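Novice: With chain A fixed as given, assemble chain B with the ligands onto it according to the hints.
Chains as they are written, first to last, in the numbering used here: chain A, 1 to 294; chain B, 295 to 528.
Mixed in with the good hints there might be a few duds.
Pairs of lysine to any residue residues, derived as SDA-like cross-links and limited to a Cα-Cα distance of at most 25 Å, are as follows [what the hints assert, rightly or not]:
#1 K348(B) x V187(A)
#2 K404(B) x I160(A)
#3 K404(B) x A363(B)
#4 K348(B) x V310(B)
#5 K421(B) x L388(B)
#6 K188(A) x G306(B)
#7 K88(A) x A363(B)
#8 K186(A) x I89(A)
#9 K88(A) x S349(B)
#10 K163(A) x N424(B)
#11 K348(B) x T297(B)
#12 K398(B) x I159(A)
#13 K186(A) x G356(B)
#14 K398(B) x Q162(A)
Partner residues aside, some chain A positions facing chain B, computed with beta carbon under 8 Å [as the list claims (entries may be wrong)]:
#15 D129
#16 K163
#17 G167
#18 Q175
#19 G179
#20 S181
#21 L182
#22 V183
What follows is a set of in silico ranges between Cβ atoms, one per label pair, in the way DEER data are often shown [unchecked claim]:
#23 W116(A) x R423(B): 50 to 58 Å
#24 E409(B) x V137(A): 53 to 61 Å
#25 Q162(A) x E409(B): 24 to 32 Å
#26 N96(A) x A363(B): 22 to 30 Å
#27 K163(A) x G427(B): 19 to 27 Å
#28 K163(A) x R406(B): 18 to 26 Å
#29 V69(A) x L388(B): 33 to 41 Å
Note that these hints are calculated values from the structure, not bench results. Keep in mind it's a predicted model, so treat the numbers as computed, not measured. From the three backbone atoms N, C-alpha and C, an ideal C-beta is built for every residue, glycine too.
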Amino acid sequence: MSGAAILQATADGILMGGVYAVTAIGLTLIFGVMEIVNFAHGALMMLGMYVTYWLFTLFGINPYLTIPVSIAVMFIIGWLMQRYLLNKIINAPQHNQLLLTLGVMLFLENLALFVWSPDFRSINVPGLDTSIQLGVVSINKPKLLAFAFALILTAVLFIILQKTVLGKSIRATSQERDGASLVGIKVKNINAIAFGIGTACAGVAGSLIVPFFFTSPGAGAVFLLRSFVVAILGGLGNFWGALVAGLIVGLAESLSGLFLSGSWNDLVIYGIFVLVLLLRPTGLFGGGRLSGSH
Amino acid sequence: MLTINDLYVGYGDTLVVQGVSLDVAESELVSLVGANGVGKTTLLKTISGLVRAKSGEILFMGENITRLAPDEIVARGLIQVAEGRKLFPAMTVLENLELGAYTKEAHKQKKRNFELVFEMLPDLKTKARNMAGTLSGGQQQMLAIGRGLMSAPKLLILDEPSIGLSPLLTQTMFEIIGKIKEQGVTLMLVEQNVHHALGMADRGYVIEQGRIVLSGPAMKLLHDEHLKKAYLGM
Ligand SMILES: Nc1ncnc2c1ncn2[C@@H]1O[C@H](COP(=O)(O)OP(=O)(O)OP(=O)(O)O)[C@@H](O)[C@H]1O
Ligand SMILES: [Mg+2]
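Chain A on its own, in the form it takes in the complex:
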């Protein structure tokens, strides 16, 4: 095993970790605010991918410049989904919400199959297909950008939640619903906005993945399980936890791929997952309701 190969695997792992973190942030936000386990997260990510794919393919817009569109479209979809679907059963037992998000996932995936066919589509952006050479290590540009966006997104969400009136009312609603109503917060609207923000995060994740992954109706599902692992490892509701957990999963994946064989990847990751949950059921860094202390 050469030192260069280990360095390369480490770099790949860190970058992929950033990508996993970005896919998990929306999930962890939505859970932190509403305690909804959103199975549709992957499918929503997939919609974000198509937004970017089509804007690039039809109009030649740089994928990274499509992110604002992706945010806007996905925010609206998330807002509508919460307001007109999830909100109807907000007081129902948790498994009902779970089934509903599962239903939305199946619906969206099949809709995508119907509208866009099962084709695997990829884009080729001039200038993005080359790697950056850092000594013996080569850095994949789109993954580096995804990594950078993961950091930015985490910081931006953190600031929104901590410092803005909107963020404070989201946290207040997540901690004490009736208390929020009693100070005059429009709780229904806040939940829809929070879900919209979480969905917009899924959209950003989708847009960031398009330059290095196939866009297809099932693409979101590929990332969904990883997102769950990352979100839960980091402590549901904890953004910074998700970031660190993303890195752990990314590194575990690439290093186990190097030292063991490729088929060990998943075994190692889910092994870590089960172990952590056995030892620390709230994830590595604690989680739960958005508390603001992390």
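Specialist: What follows is chain B with the ligands alone, placed relative to chain A:
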């Protein structure tokens, strides 16, 4: 200021509030007293729009608010300090108070109300940076009242503010309520502590099994034979 006409409220098929009528006039302190589980909190939740009435109406400053959403009711200055305090436990004392001033009207008076709250409840100032969830029961109740005052109440409704407090703190609590009254805030006080609650009120209502069974000037109620026997152990 607040008028309730023949209000019925229930959960599922069971009626909890059964034909309550009452009113609170401007600048009054009205106490509503009653034992455990007779429907006091349910009545208050209905006033604040958290629970829907089955029939009857609630008027606030002449406007029918029976079907309004909680935030619309708060925006009109009808503020409730709820049972169980309903604080935001993982937010600081300061953030809790700030959120009290969430509505447009309250936001305008934020600075003045902060001064008022810190003057009236100085403990909150020293604890400003602490998480609400880490405060003692008494401090939490003070914070709940402080948050209510930040909302610029025209009518402030308190649901059992003395519950779980030591006799000494209970005394302090009622003194604070007295001070709030001096500020010209109209108050409705819901209590099981009949002696204290009627002792400081202008008028009172006694509720049993969802019905008002007695009402009148507080001093007169305190001398009522039934009330003395049932609530004051005399
Ligand atoms: N959400 C609910 N669903 C069903 N029943 C409820 C609900 N909340 C209260 N009740 C019932 O309604 C009745 C009145 O309760 P409520 O809380 O209004 O009484 P209370 O007078 O405030 O009592 P306490 O002095 O203990 O606070 C009780 O029998 C209670 O069990
Ligand atoms: Mg009660």
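Novice: Are the hints correct? Go through all of them and say.
Specialist: The hints, checked one at a time:
With a C-alpha separation of about 23 Å, the suggested pairing of K348(B) with V187(A) holds against the 25 Å cut-off. Between K404(B) and I160(A), the direct Cα distance comes to roughly 22 Å. Compliance with the 25 Å bound is thereby established for this hinted pair. Our distance criterion of 25 Å between C-alpha atoms is met by K404(B) and A363(B), whose separation comes to about 23 Å. Between K348(B) and V310(B), the direct Cα distance comes to roughly 11 Å. Compliance with the 25 Å bound is thereby established for this hinted pair.
Distance hint between K421(B) and L388(B) is fulfilled; the C-alpha atoms sit about 8 Å from each other, no more than 25 Å. Among the hinted pairs, K188(A) with G306(B) is consistent with the structure: their alpha-carbon atoms are about 23 Å apart, no more than 25 Å. A distance of roughly 16 Å separates the Cα atoms of K88(A) and A363(B); the hinted pair therefore holds under the 25 Å criterion. For a cut-off of 25 Å, the pair hint linking K186(A) to I89(A) stands: about 18 Å separates their Cα positions.
Restraint check: the Cα-Cα separation between K88(A) and S349(B) comes to about 24 Å, which is no more than 25 Å; the hinted pair holds. Under the criterion of a C-alpha separation no larger than 25 Å, the hint pairing K163(A) with N424(B) is consistent with the structure, at around 17 Å. Between K348(B) and T297(B) the CA atoms are separated by roughly 17 Å; this keeps the pair inside 25 Å, and the hint holds. Taken as a hint, the K398(B) and I159(A) pair is honoured in the structure, with Cα atoms around 23 Å apart against an allowance of 25 Å.
With a C-alpha separation of about 24 Å, the suggested pairing of K186(A) with G356(B) holds against the 25 Å cut-off. Restraint check for K398(B) and Q162(A): satisfied, since their Cα atoms lie roughly 21 Å apart, inside the 25 Å limit. Restraint check, D129(A) versus chain B: the minimum CB separation of about 46 Å is more than 8 Å; hint violated. A hinted interface residue such as K163(A) counts as satisfied when its beta carbon comes closer than 8 Å to some beta carbon of chain B; here the least separation is about 11 Å, so the hint is violated.
Restraint check, G167(A) versus chain B: the minimum CB separation of about 11 Å is more than 8 Å; hint violated. For Q175(A), the interface hint holds, since its Cβ comes within 8 Å of a Cβ in chain B; the closest pair sits about 5 Å apart. Interface hint at G179(A): satisfied, since its Cβ lies 3 Å from the closest Cβ of chain B, which is below the 8 Å cut-off. Checking S181(A) against chain B by beta carbon gives a least distance of about 4 Å; that is within 8 Å, so the hint holds.
The criterion of a C-beta within 8 Å of any C-beta in chain B is met by L182(A), whose closest approach is roughly 6 Å, and the hint holds. Satisfaction of the interface hint for V183(A) is found here, the shortest Cβ-Cβ separation to chain B being roughly 5 Å, below the 8 Å cut-off. Distance hint check for W116(A) and R423(B): the Cβ-Cβ separation is about 52 Å, which falls inside the suggested range of 50 to 58 Å. For the pair E409(B) and V137(A), the beta carbons lie near 60 Å from each other, so the given range of 53 to 61 Å is met.
For the pair Q162(A) and E409(B), the beta carbons lie near 25 Å from each other, so the given range of 24 to 32 Å is met. As the Cβ distance of N96(A) to A363(B) is approximately 24 Å, the hint placing it in 22 to 30 Å holds. Against the hinted window of 19 to 27 Å, the Cβ-Cβ separation of K163(A) and G427(B) comes to about 21 Å, which satisfies the hint. Hint check: K163(A) to R406(B), Cβ distance near 24 Å, so the stated range 18 to 26 Å holds.
Range check, V69(A) to L388(B): about 38 Å between beta-carbon atoms, so the 33 to 41 Å window is met.
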